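Using the hints, build the complex out of the two chains.
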Amino acid sequence: MNKRNHDIVFEHTGYRREDFSVCLGCKICASVCTVNDLSLNVNPQDILISLFMGEEVSADHGLVRYCTNCYRCTHACPWGIRIPEVIRAVRESLAMESTFEKAFKGSLKIWGRVYEPYIFLRAGMFLVKEGYLRYMPKWTEYMSFHLPHKVKSLNSLSDSKGRT
Amino acid sequence: MDYAYYPGCSLTGSARKLDKGVRKLFKKLGHTLKDIPDWNCCGAFEYGDRKELVKLSGENLQKAKDVASDVIAPCPACSRNLKEANEDGGLRVYNPLDLFDKEFLSGLTMKRDLKGQVFTPYYGCVLMRPKETAIPNSNVMEDFVTALGGDVAGEKIKDRCCGGNQFFINKWATEKLSRMILEKSKGTILVFCPLCQMALKTFSTNEKIIYFTDLILYASGEENKL
Numbered sequence: 019m020n021k022r023n024h025d026i027v028f029e030h031t032g033y034r035r036e037d038f039s040v041c042l043g044c045k046i047c048a049s050v051c052t053v054n055d056l057s058l059n060v061n062p063q064d065i066l067i068s069l070f071m072g073e074e075v076s077a078d079h080g081l082v083r084y085c086t087n088c089y090r091c092t093h094a095c096p097w098g099i100r101i102p103e104v105i106r107a108v109r110e111s112l113a114m115e116s117t118f119e120k121a122f123k124g125s126l127k128i129w130g131r132v133y134e135p136y137i138f139l140r141a142g143m144f145l146v147k148e149g150y151l152r153y154m155p156k157w158t159e160y161m162s163f164h165l166p167h168k169v170k171s172l173n174s175l176s177d178s179k180g181r182t
Numbered sequence: 011m012d013y014a015y016y017p018g019c020s021l022t023g024s025a026r027k028l029d030k031g032v033r034k035l036f037k038k039l040g041h042t043l044k045d046i047p048d049w050n051c052c053g054a055f056e057y058g059d060r061k062e063l064v065k066l067s068g069e070n071l072q073k074a075k076d077v078a079s080d081v082i083a084p085c086p087a088c089s090r091n092l093k094e095a096n097e098d099g100g101l102r103v104y105n106p107l108d109l110f111d112k113e114f115l116s117g118l119t120m121k122r123d124l125k126g127q128v129f130t131p132y133y134g135c136v137l138m139r140p141k142e143t144a145i146p147n148s149n150v151m152e153d154f155v156t157a158l159g160g161d162v163a164g165e166k167i168k169d170r171c172c173g174g175n176q177f178f179i180n181k182w183a184t185e186k187l188s189r190m191i192l193e194k195s196k197g198t199i200l201v202f203c204p205l206c207q208m209a210l211k212t213f214s215t216n217e218k219i220i221y222f223t224d225l226i227l228y229a230s231g232e233e234n235k236l
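Chains A and B, in that order, are what the protein sequence lines are.
If you're matching positions, the first sequence starts at 19 in my numbering and goes up one per residue.
If you're matching positions, the second sequence starts at 11 in my numbering and goes up one per residue.
The following block holds chain B by itself, in its conformation from the complex (with noise of 0.2 Å):
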């Protein structure tokens, strides 16, 4: 199937390794991956103004219909603020959390399991709320865990804000809110979100965190190593 993807500003540099796990993943699938030209960026958080977010994101929506009609959004504020402006639902927008259930991913085929190692999968704010735009399975991550045979760990804190969003503002604030959960997490820490990453790698000290699709990609015989 042909996707229209919209990549966004952090995925082309700070997130570069979620572009790429995303761009394997869908092409092992035997999906095509189709950039949208001349894309620009969805204006994140930083606009007080809805209309003007809607405005940005709207003009990706329109750049992308000559493309195809289902849109891929990997950055979750990105994939949030484009389905917000697709007001007429003339198109399909999706992050990809919203499509790995069972059935798209048994094109796959797993050459290694999960037993022994444990994970805390971490969604952090924009994938499950508000619920206009969250993704429909809250435990989609988990579900791939444990039918690998791995444990899961930290469900009280998968959903709480790692404050990144006030990272280049009050970076206390960040610090005290990722540490919690950084303390209530087990093992590896799997996130989708470049900044809920960047917060926790960040005020990390030990831990590891990999994006999921990485896990995918290992789990797969794709990546040799975690």
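Pulled out of the complex, with its shape left as it was, chain A reads as follows (with noise of 0.2 Å):
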């Protein structure tokens, strides 16, 4: 992670370095996390530190993989910091798409909305290799099919980044 990737983070959180400089290293992050329920004993504040003293954030580090999203430190941090918005942007910056945010993003930037059937024709393989195939009953009971839906006006995809 290089001083490029550093700047990606600051500039999609809107954080400044200077604003991770607050972080009091109380650890109640990691004492929240949901990562920390998978056994892999992370601390958020690590990631934050290094963004703040201009270290490398491994693409392996634990959090950097399996952050949920959950927010469960930020509602805890005394300072509100969101961090899963930090790794978020960690991950984009280290360009950590999985198939599936590939298929996702795919789908928006035919249709402007995520088709589903596209995104299990697209993910298919991985789909099948990994296994889900046979959750997929368990998938159709609140579901209905219909066709996709082309929006019309969408200007926000047209200059962004990160997708395919």
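Hints in this document: simulated from the structure, not taken from any laboratory.
Note that the structure is predicted; figures quoted are calculated from it, not measured.
We put the CB at the ideal spot given by N, CA and C, even for glycine.
Be a bit skeptical, because a hint or two may be false.
Unchecked claim - In the BS3-like style, the derived pairs of lysine-lysine whose C-alpha atoms are separated by at most 27 Å in a straight line are:
(1) K120/A to K211/B
(2) K45/A to K186/B
(3) K156/A to K196/B
(4) K61/B to K170/A
(5) K65/B to K127/A
(6) K34/B to K156/A
(7) K181/B to K156/A
(8) K181/B to K127/A
(9) K127/A to K44/B
(10) K44/B to K168/A
(11) K156/A to K211/B
(12) K211/B to K168/A
(13) K120/A to K61/B
(14) K127/A to K73/B
(15) K166/B to K45/A
(16) K194/B to K147/A
(17) K45/A to K141/B
(18) K21/A to K61/B
(19) K156/A to K30/B
(20) K30/B to K168/A
(21) K170/A to K65/B
(22) K166/B to K127/A
(23) K61/B to K156/A
(24) K168/A to K75/B
(25) K170/A to K73/B
(26) K235/B to K156/A
Claimed, not checked - Pairwise CB distance ranges, derived in the manner of DEER restraints:
(27) D98/B to N173/A: 17 to 27 Å
(28) D78/A to E97/B: 30 to 40 Å
(29) G40/B to N59/A: 23 to 33 Å
(30) V146/A to S79/B: 42 to 52 Å
(31) G142/A to E97/B: 51 to 61 Å
(32) L158/B to G72/A: 53 to 63 Å
Written out as structure tokens, the structure is:
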């Protein structure tokens, strides 16, 4: 993670480097972090300190890989730092897009909406390989099928980054 | 009252049941949901750039302006993103759970009680956090159940994470987190988030998981079974 990656994180989140200097090191974020329910022993504070110090954040850091966007850290943090948004920006700066995310953004590029049958087709190999197909009967319980609708007016995707 | 209605992507597909329930319920309460024309995806959680998310949802708010000044978005990710984009406060953006208090639901005549039945209201993350976009009453489902004589369980897991966000990335993580919630729940699990519903349903064995709207419709005599 180089300086450019750091800049992307600050640009994307709207935080400034000095905003992370307020972290008190109380570790309350670590005490409530959902990723620690997975026995991964992570401390969100590590990421904030690394960004503040201009140090590398590894793509293999447990939080970068497994953050669930639950905002328990933000809720508990005395400063309300939106750590999940920082993690999302870190992932984007490191180009850590999953197959599903690529399919999601691909659908938005075509229709401006998520068209679920497209996602399943585009991520088909991944879903087969990773054993998702056996769950499909359970997913259909509350589902209905429809044809895609193409959004006519959508300006924000015309200049955005990170899409397929 | 007229509301601008933002169904969002999942409510047109995998969570169509929630869409049907919300539409039916608002109609029964005498409100009109007017679909926002040509709405686009809110961006869900898939964009690392906050500005990009706000822009996507901001377009939806622009499209809503000609429809009504009160916007309803049932999917918690959508309502959260729309609330975030509503920076100037030009519109009022609601998740239906923001509104479902005793007074709002007083227009319904309850035809069934819930005596002898146990429910685990499960809110998950997005409805509860961050506080700027959270629902105002974090006991809205409990209040409804207890008012009709039902029993409530699962207080400790109601705002824990199902891991749905990792479902198509690291399935094992979602499985572990969802199973933890399923094991600590009792009776029928009430949900409002399509992603939570999908994650819990996927890893459930015999647990019944329903949308809260369907419980309200059942109690008001609209649906015959849960």
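Hint-by-hint comparison with the structure:
no., hint, result
1, K120/A to K211/B, "holds (25 Å)"
2, K45/A to K186/B, "holds (24 Å)"
3, K156/A to K196/B, "holds (20 Å)"
4, K61/B to K170/A, "holds (21 Å)"
5, K65/B to K127/A, "holds (15 Å)"
6, K34/B to K156/A, "holds (24 Å)"
7, K181/B to K156/A, "holds (16 Å)"
8, K181/B to K127/A, "holds (26 Å)"
9, K127/A to K44/B, "holds (26 Å)"
10, K44/B to K168/A, "holds (19 Å)"
11, K156/A to K211/B, "holds (7 Å)"
12, K211/B to K168/A, "violated (30 Å)"
13, K120/A to K61/B, "holds (19 Å)"
14, K127/A to K73/B, "holds (19 Å)"
15, K166/B to K45/A, "holds (22 Å)"
16, K194/B to K147/A, "violated (31 Å)"
17, K45/A to K141/B, "holds (20 Å)"
18, K21/A to K61/B, "holds (21 Å)"
19, K156/A to K30/B, "holds (19 Å)"
20, K30/B to K168/A, "holds (22 Å)"
21, K170/A to K65/B, "holds (16 Å)"
22, K166/B to K127/A, "violated (40 Å)"
23, K61/B to K156/A, "violated (35 Å)"
24, K168/A to K75/B, "holds (21 Å)"
25, K170/A to K73/B, "holds (12 Å)"
26, K235/B to K156/A, "holds (19 Å)"
27, D98/B to N173/A: 17 to 27 Å, "holds (18 Å)"
28, D78/A to E97/B: 30 to 40 Å, "holds (36 Å)"
29, G40/B to N59/A: 23 to 33 Å, "violated (53 Å)"
30, V146/A to S79/B: 42 to 52 Å, "holds (47 Å)"
31, G142/A to E97/B: 51 to 61 Å, "violated (39 Å)"
32, L158/B to G72/A: 53 to 63 Å, "holds (57 Å)"
Comparing the model with each numbered hint stated earlier shows that hints 12, 16, 22, 23, 29, 31 do not hold.
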